[in-house]
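2 protein chains.
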Amino acid sequence: MINKLITKIQKTNAPIVVGLDPMMKFVPEYIKQAAFAEYGETLEGAAEAIWQYNKGIVDAIYDLVPAVKPQIAMYEQFGIPGLVAFKKTVDYCKEKDLVVIGDVKRGDIGSTSEAYAVGHLGKVQVGSKMFAGFDEDFATVNPYLGSDGIKPFTKVCLEEKKGIFVLVKTSNPSSGEFQDRLIDGKPLYEHMGEKVAAWGAECMPESGNYSYVGAVVGATYPEQGKILSKVMPNTFILVPGYGAAGGEGADLAHFFNEDGLGAIINSSRGIIAAYQQEAYASYGEKNYADASRAAVIAMREDIASALQNR
Amino acid sequence: MINKLITKIQKTNAPIVVGLDPMMKFVPEYIKQAAFAEYGETLEGAAEAIWQYNKGIVDAIYDLVPAVKPQIAMYEQFGIPGLVAFKKTVDYCKEKDLVVIGDVKRGDIGSTSEAYAVGHLGKVQVGSKMFAGFDEDFATVNPYLGSDGIKPFTKVCLEEKKGIFVLVKTSNPSSGEFQDRLIDGKPLYEHMGEKVAAWGAECMPESGNYSYVGAVVGATYPEQGKILSKVMPNTFILVPGYGAAGGEGADLAHFFNEDGLGAIINSSRGIIAAYQQEAYASYGEKNYADASRAAVIAMREDIASALQNR
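Chains as they are written, first to last, in the working numbering: chain A, 2 to 311; chain B, 2 to 311.
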C-alpha cells in the first residue's frame, strides 16, 4: 500500500492528503436541512449530513490527490450512526481508488493492539469466516506503550501489505511537554524516530525504499522535521498542521528526501471548509466542493514551488 | 462520578473493576452456536455472541463490584456490529448501576480530543438538541500529545462530573522503552505523574479528596506504583495487570493510600474466562458466569488480605 501511495503521489504530482474531519459548523446549511428533514435532529441526521458533505468533497477532489485521511473522532462523537458514516466514507473513498489513512491514533498492548490492528487494517475471524471491520489502508498509531503496542500492527501490515503512521512529533503547541524532553542528550521524539526506523526495517515491502511503518511529524516543527527525515530515511512522513493549523509551504521542503518523496502533507479544514475562507468565499456554500477543489490546486502549487525553491 | 466510584468501593468492600474484554475464544460454545444460528457466521453473529456472554457475566457479578471496564478494541475489531455490542454493554452495566470505565485510550489534540471527550463522556450538539454518543462514566486517555490532548477531556469532566484515567506507567513488558527513560534524573512516568497531579488539581469535585483525573499504573510495576501514589496523592489509580497478566495481591498494597482508597484493581480474563482455568474448571462452560462470580470473590479476598498485611 505504501507503493500504491507513492505511485499515486507521482501520478497526481501532489504529495497531499485531504483530512476528512467534518465538523457540523463546516457543513453547508442546505445539506444539514436536507438531512434533518429526513432523519430529524438526531445522531442519524448528523451522520447523514457529514456523509453527504464528505461525498460532495470526495467527488470534487478524488482525481487530484492520492489519499484522504478521515479523522475518526469527528465521527465517533456522533456515536454508532457517526461510525456508520465513517465506514461509508472509507468505503466510498476506496471505490474512488483513493488511499485511505484512518486517523484513529489507536494504541494498546498485546491482544488489545492486535484487535485494533485487525479491526482497522486486517480481518477478524468469526467461526470459519473472515471479515474486515473498517478496512482502511493505513492507520495512525500512538506509541507511548512501546513495542508491545506496535508489533501487533506491523504483523498485520506485513500480512495485508498495509501501513501505519506512528506519532513521533505532533503539530500541537504543547507537543513538546513530553516529546521534546531530553533523554541522554536527545529529545524523546528523536528516540521515537529511531524506534520507528527500526520497526520499519523489519517491515519493508518486496520492492521500494519506504517501509510500511510511517511517522507523523507536524508541519509546525520544520527543524525537527529536518532532523527526523535524516533519522528515518526509509520512513514516509505524514505531515499535519499545514495551512489553517499554522504551517506554510516553505516550511515543508525539509520533510522531503532528495528523491522528492518521503512526505505527504495533510490539510483538513483548509480544504474541506475552504468556502468559509475569504479567499474562496465567492464560491458560496452551494459550491463548497468546488471551493475545496480550488484549494487543493492552490496547495499543490504551494508545495511544488516550495520543493522547486529548496 | 469519582465519588460514586468511591462510595461503591466502600459499599462492596471491593476495589475491583472487571475488564469486559471479550475474545471469541473465551465465549462458551453454546453461546456462539446460538448466535451463529440466529445471525450466521457474520460480524453481527460475533457481536451477538459477545453481548450475550457479557450479559451473563454482568448478571452474575454486578452486586459484588463497583465497576466494569469494557475494552473497546475487543468490540471495534468486529466493526460497526461490534461497537453496537459495546454500546449495549455500556448501557446494560449502567442500568445495573455499575460505574463504567470505557477503556478507549483515546488521545488527540484540540477539537479532535474534544470530539472524543464529547463522544465518550459528554453530549454532542445536533441542531437544537444534545445527544450522548457512548456515555461512559470514565474513559482512559493517552497523554503523549501533552496538555492540548488532556484539557478538552478535563473540560467535559468538569461539566459532566465524569472522569478520565491517564496512562502513566502501563503494565506491559516494553512499557519502559519510553516511560522509564530518565529526563532530568527522573523517569518519564514520574514527570507524567506530576502532570496528572497538576491537571487533577484543576479538576476536583465539590467534595472529597480525589480528582476527576485518575492514572493508569500497571500492577506489574509495584515499586513504581509506590512512588507514583506519593507523587499523585489525590489521584485515583486504575491498576491493570492483576492475575492472568502477572501481578499478585501482595504487590498491590503499594498502590493504596493510608485511607485504604486511591486504587482500583482491574482483572479481565482472570474473571471473565475463569471457567477456562484449572481452579474453576469444575463449573463447566454452561456455568461460566458462576465461575466468574467465584473468581471475583477470591480476588476480593486476595486484595483484602494484602491490605491487611501491609
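It is possible that some hints are incorrect.
Because identical chains cannot be distinguished in the list, a pair is counted as satisfied if it fits within a single copy or across any two copies.
Unchecked claim - Computed cross-link-like contacts, DMTMM-like style, restricted to lysine to aspartate or glutamate with a CA-CA straight-line distance of at most 20 Å:
#1 Lys152 x Glu178
#2 Lys95 x Asp185
#3 Lys124 x Glu42
#4 Lys26 x Glu249
#5 Lys9 x Asp60
#6 Lys124 x Glu279
#7 Lys130 x Glu42
#8 Lys124 x Glu224
#9 Lys12 x Glu279
#10 Lys162 x Glu249
#11 Lys130 x Glu39
#12 Lys130 x Glu161
#13 Lys152 x Glu286
#14 Lys162 x Asp64
#15 Lys26 x Glu115
#16 Lys287 x Asp303
#17 Lys12 x Asp181
#18 Lys130 x Glu30
Keep in mind that the hints were calculated from the coordinates and are not lab data. For clarity, every value in this text was computed on a predicted model and none was experimentally measured.
To see whether the hints hold, each was checked on the structure:
| no. | hint | in the structure |
| --- | --- | --- |
| 1 | Lys152 x Glu178 | between (26 Å within a copy, 14 Å between copies) |
| 2 | Lys95 x Asp185 | neither (44 Å within a copy, 47 Å between copies) |
| 3 | Lys124 x Glu42 | between (35 Å within a copy, 14 Å between copies) |
| 4 | Lys26 x Glu249 | neither (24 Å within a copy, 50 Å between copies) |
| 5 | Lys9 x Asp60 | within (17 Å within a copy, 53 Å between copies) |
| 6 | Lys124 x Glu279 | neither (45 Å within a copy, 32 Å between copies) |
| 7 | Lys130 x Glu42 | between (38 Å within a copy, 7 Å between copies) |
| 8 | Lys124 x Glu224 | neither (39 Å within a copy, 39 Å between copies) |
| 9 | Lys12 x Glu279 | neither (31 Å within a copy, 60 Å between copies) |
| 10 | Lys162 x Glu249 | neither (32 Å within a copy, 40 Å between copies) |
| 11 | Lys130 x Glu39 | between (36 Å within a copy, 16 Å between copies) |
| 12 | Lys130 x Glu161 | within (17 Å within a copy, 42 Å between copies) |
| 13 | Lys152 x Glu286 | neither (45 Å within a copy, 33 Å between copies) |
| 14 | Lys162 x Asp64 | neither (24 Å within a copy, 47 Å between copies) |
| 15 | Lys26 x Glu115 | between (35 Å within a copy, 14 Å between copies) |
| 16 | Lys287 x Asp303 | neither (26 Å within a copy, 65 Å between copies) |
| 17 | Lys12 x Asp181 | neither (36 Å within a copy, 45 Å between copies) |
| 18 | Lys130 x Glu30 | between (43 Å within a copy, 16 Å between copies) |
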